Amino acid sequence: MSTISEVSTLTKSSNKSTSKTRTIKDAVIRLAGNSQDGIQAIGAFLARLAGRSAQDVMTYMTIPATISGGPSIFQVHIGSGDILSAGDEADFLVAFYQHSYENHITSLREGGILLYDTDHVKPNLEDKRFHYIGVPISGATVEAIGGTGRDKGKNIFTLGLIAQIFSLDTEKLEKLIAERFRGKDESIVKNALMAFHTGYGYHVGDVLETFKFIPAKERLGHQVTMDGNQALAYGLLAAGVRFGAGYPITPWSSIMEILRSELPKYGGTFVQTEDEIAAVSLVCGASYAGNVAVTGSSGPGISLKTEALGWAVMAEIPIVIIDVQRGGPSTGMPTNVEQSDLNIAIFGGHGECPRVVMAASSVEDCFYSAIEAVNTARKYSVPVVMLTDQSLATRIEAFTMPDLSKCMQDISPKFEPVEENMLPYDDYEDGIARHAPPGTRFLPGTYPTVSGLEHDSAGHPTGSPKIHQAMVAKRRRKLQKLAEALPLPKIYGPHGSGVEQANILLVGWGSTEGAIREAVDALGDAGEAPASIHLRFLNPLPNGLEKIFAKFARVFVVELNDEGLYGNGQLCTILRARYCDPKIRSITKIDGLTFKVREIIEAVQNYLKGSSKS
Amino acid sequence: MSAIETKPVDPSTSSGQEKYTKKDLTADHPTWCPGCGDFAVLAMYFKLLEERQIPHEKIVGIAGIGCSSRFPYYVNSHGAHFIHGRALPFATGISISRPDLHVFVFGGDGDAFSIGGNHVDHAARKNVKMTYVIMDNFVYALTKKQTSPTSPLGFRSKTDPTGAVDCPINPMVKLLAGGATFVARTSAKNPKHMLDMMSQAMNHNGFSVIECLSECVEFYEGAFDKADPRKGGEFKEIPADHDVTHLESAMKYAYAPFPGWFGLFYKVNRPTKNELEAEINKKAQEKIVGQSPTQILQAMLDKLK
Chain A
1 MSTISEVSTL
11 TKSSNKSTSK
21 TRTIKDAVIR
31 LAGNSQDGIQ
41 AIGAFLARLA
51 GRSAQDVMTY
61 MTIPATISGG
71 PSIFQVHIGS
81 GDILSAGDEA
91 DFLVAFYQHS
101 YENHITSLRE
111 GGILLYDTDH
121 VKPNLEDKRF
131 HYIGVPISGA
141 TVEAIGGTGR
151 DKGKNIFTLG
161 LIAQIFSLDT
171 EKLEKLIAER
181 FRGKDESIVK
191 NALMAFHTGY
201 GYHVGDVLET
211 FKFIPAKERL
221 GHQVTMDGNQ
231 ALAYGLLAAG
241 VRFGAGYPIT
251 PWSSIMEILR
261 SELPKYGGTF
271 VQTEDEIAAV
281 SLVCGASYAG
291 NVAVTGSSGP
301 GISLKTEALG
311 WAVMAEIPIV
321 IIDVQRGGPS
331 TGMPTNVEQS
341 DLNIAIFGGH
351 GECPRVVMAA
361 SSVEDCFYSA
371 IEAVNTARKY
381 SVPVVMLTDQ
391 SLATRIEAFT
401 MPDLSKCMQD
411 ISPKFEPVEE
421 NMLPYDDYED
431 GIARHAPPGT
441 RFLPGTYPTV
451 SGLEHDSAGH
461 PTGSPKIHQA
471 MVAKRRRKLQ
481 KLAEALPLPK
491 IYGPHGSGVE
501 QANILLVGWG
511 STEGAIREAV
521 DALGDAGEAP
531 ASIHLRFLNP
541 LPNGLEKIFA
551 KFARVFVVEL
561 NDEGLYGNGQ
571 LCTILRARYC
581 DPKIRSITKI
591 DGLTFKVREI
601 IEAVQNYLKG
611 SSKS
Chain B
615 MSAIETKPVD
625 PSTSSGQEKY
635 TKKDLTADHP
645 TWCPGCGDFA
655 VLAMYFKLLE
665 ERQIPHEKIV
675 GIAGIGCSSR
685 FPYYVNSHGA
695 HFIHGRALPF
705 ATGISISRPD
715 LHVFVFGGDG
725 DAFSIGGNHV
735 DHAARKNVKM
745 TYVIMDNFVY
755 ALTKKQTSPT
765 SPLGFRSKTD
775 PTGAVDCPIN
785 PMVKLLAGGA
795 TFVARTSAKN
805 PKHMLDMMSQ
815 AMNHNGFSVI
825 ECLSECVEFY
835 EGAFDKADPR
845 KGGEFKEIPA
855 DHDVTHLESA
865 MKYAYAPFPG
875 WFGLFYKVNR
885 PTKNELEAEI
895 NKKAQEKIVG
905 QSPTQILQAM
915 LDKLK
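So the sequences go chain by chain: A and B.
Position 543, counted from 1, in the first sequence is what the working numbering calls 543; the numbers after and before it change by one each time, with no gaps.
In short: position in the second sequence from 1, add 614, done, that's the working numbering.
Honestly, the hints are just simulated from the structure, not real lab data.
In this text the structure is predicted, and so the values were computed from the model without any measurement.
We put the CB at the ideal spot given by N, CA and C, even for glycine.
You may find that some hints are simply not true.
[Stated by the list, open to error] Simulated restraints on C-beta separations: (1) B:Glu664 x A:Ala473: 40 to 48 Å; (2) A:His350 x B:Gly649: 28 to 36 Å; (3) B:Gly649 x A:Gly351: 33 to 41 Å; (4) A:Leu443 x B:Lys845: 41 to 49 Å; (5) B:Lys897 x A:Arg476: 43 to 51 Å; (6) A:Arg476 x B:Glu664: 37 to 45 Å; (7) A:Val472 x B:Lys633: 35 to 43 Å; (8) A:Ser261 x B:Val903: 16 to 24 Å; (9) B:Thr757 x A:Phe347: 24 to 32 Å; (10) A:His350 x B:Val779: 26 to 34 Å; (11) B:Val787 x A:Gly351: 35 to 43 Å.
[Claimed, not checked] Derived list of chain A stretches under chain B, where covered just means 3 residues or more per stretch with a C-beta under 8 Å from a C-beta of chain B: (12) 223-231; (13) 270-283; (14) 287-300; (15) 404-411; (16) 436-447; (17) 451-463.
Construct the complete structure from the given sequences, taking the supplied hints into account.
Written out as structure tokens, the structure reads:
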């Protein structure tokens, strides 16, 4: 859990004779201000610093859906061990405004520290649950930098304060600041460093303790620090994707922005289209032409893409559709998180329309899942919907540098002439269509047509009842083949331990993995016998899950969506339908925010209490 | 793949096949009604391909939904039958990612001016290299006689039993306003003229679009008699002195009331989307000459250490 845990005795601080330095394992720092204050920048600096110090880090942010301004927070959870979630409660809260203080003081744990800008915030100092550090952040920044910048730079000043309080590596931070502003006016770098040093040197008072993270264990290789959308975009590049199309929508947009600027370097193209339908249509066209292509969207955009997705299922053309889930329905909550698109991802569209659906569980997993999505689409000649969500898209994590020598792919089409009469939709045992893209010469002289109409083995339209029945079965069969090939998920026990004694299983998918694992750890500490699995493939499900379920007395499916008309979340409904097992129960919430670990624990405990009464 | 080269298709790159004939290009027998104008379009397309002899495997025919959009099934070449109204974005994906192919799109007035109307404007504005033939019959025929976006006022259909009341789209005006760089109009009743327009369209480096009046004898017989000299009408060709690079002048011809004018309304050279993207790629690669994809991505990831 996220408390600042004492791991060693108090020691004398080296640079401040009056204060004490306490060694800590991890800390949750929440920065609350307005979106234009650059608090994301402080968060990003801290995250990157953690990455460079071989520490673990996870961030969480909220951004207003308004164009500029509005309250915003950035939370950073840094630690020297494994960090699984962004933390339920803050150990350290920075409040830039009165509203920041009022709205977020409840997120500060008892005994936590409030750092506030005395120029804007008047906290209730009578509330003895917290420690208070008042610094005239705005005034001191103006004083330090001077000129016309007003309080621009107060984020960097605050970073200096944080660096002081948490004994952060100033040399690395200075380097990061210099890198961040590199290429800009020299005075900007100078001012930023000045603001940082002033904050670092600011005398915050004699009563304060300072903290020091225990050094992280050495890690093999370097760490990279990025958010989920970045990881996903780079994963697609590694996978060999060289064509994409999209339409701007939050929180998908940054993936298309990255691909638009990066793809040309690889000889590829990303097209911004007139609408969501055009985007998926371009991608169907490019994939048909031999270059497995990617589109993506969020919320309403996914609804718009479903007709063309159905075409790709029918025509058996591999495409990848990224769905960065947000709050729905309709325009919904564009900057909030939900896992409420599972149903549309699996079932969206008319007719019998089997496609692959997978979900990434962490920032690092976004990178590797992107590659797997592309390869699965190609291997099974099928559309793959890859689910992430708003929290994953904006969450920053540090993870081991991918070994590109192992994961870079060249998937450019080959145009080997087709020697024999090849029928794209013949009744192959594996059910997978055989396509040869345009530009491929068909030596027998008969060329294939790729069709969204029900078709015969050559791709020509047919109304034959027998053929339709067989073709539907064929398109289903190939996903059943995939289900056979999928590995079962690993079972996680408390703190990564064994699970021989476990009797409670939590099942999750997508971005909730960290919170679920922390809940398993905590439930284990509380004397329960919990474990968890996290599903990467949601359609088809891997074969053999029932064997895992059989080991547990209780199965709880944890997901960020509504319990629905019949009391079960979206994945839970599918698992209950698939396994007809009433012990599979649902834990859901849909408030637009990520799961707090506590919420999962309480939900499990409520179920356990309820059943012990009955 | 690469979007780098946008050279027109060179017949000499042919993979050494025998010269192909109409017979080699013929696939399924069309399911169109006897007397349908679309037969003439198909015949002229065969003729055009026979004349050009571009490599057989480099021909790609794309269509949306409608009677005319069954086209790809009747041609023995690479082809795809996409969804209603979206043939142009589909073809755009092919054209930009595969500059070595020659992309033809066939469709009707529903695809072009109703469900897919916005895509026409954007393919035109982007100037994506392809040839688009709109077989306009002023009626929804595949679904058996509903009002189409080009049905004239007063046209009685199953959805307008007392006569159409919605102002029809003027295809030429829309195509010109959208920014198409090659705009022509022809009729299935005049195959020679049609072949000429198709041939010029194919030569054009950019988004070339032809409206071809193609009569539906089943649901709108006689729709184009006013443009047919054999039915007492007049096939008015745009005068030879018309400056095809002059938009206002082209617009003047476009605004003429039905049956209007036939021929090449507008043709200008503007960089194609294909070329512009190739240019972006060239510039992006200048700084990283000789680097492998792995090196390029590694450099990106190194910045995130």
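Hints versus structure:
{"no.": "1", "hint": "B:Glu664 x A:Ala473: 40 to 48 Å", "result": "holds, 41 Å"}
{"no.": "2", "hint": "A:His350 x B:Gly649: 28 to 36 Å", "result": "holds, 34 Å"}
{"no.": "3", "hint": "B:Gly649 x A:Gly351: 33 to 41 Å", "result": "holds, 34 Å"}
{"no.": "4", "hint": "A:Leu443 x B:Lys845: 41 to 49 Å", "result": "holds, 47 Å"}
{"no.": "5", "hint": "B:Lys897 x A:Arg476: 43 to 51 Å", "result": "holds, 47 Å"}
{"no.": "6", "hint": "A:Arg476 x B:Glu664: 37 to 45 Å", "result": "holds, 43 Å"}
{"no.": "7", "hint": "A:Val472 x B:Lys633: 35 to 43 Å", "result": "holds, 42 Å"}
{"no.": "8", "hint": "A:Ser261 x B:Val903: 16 to 24 Å", "result": "holds, 18 Å"}
{"no.": "9", "hint": "B:Thr757 x A:Phe347: 24 to 32 Å", "result": "holds, 27 Å"}
{"no.": "10", "hint": "A:His350 x B:Val779: 26 to 34 Å", "result": "holds, 31 Å"}
{"no.": "11", "hint": "B:Val787 x A:Gly351: 35 to 43 Å", "result": "holds, 38 Å"}
{"no.": "12", "hint": "223-231", "result": "holds (count 5)"}
{"no.": "13", "hint": "270-283", "result": "holds (count 10)"}
{"no.": "14", "hint": "287-300", "result": "holds (count 6)"}
{"no.": "15", "hint": "404-411", "result": "holds (count 4)"}
{"no.": "16", "hint": "436-447", "result": "holds (count 9)"}
{"no.": "17", "hint": "451-463", "result": "holds (count 5)"}
Checked against the numbered hints above, the structure breaks none of them.
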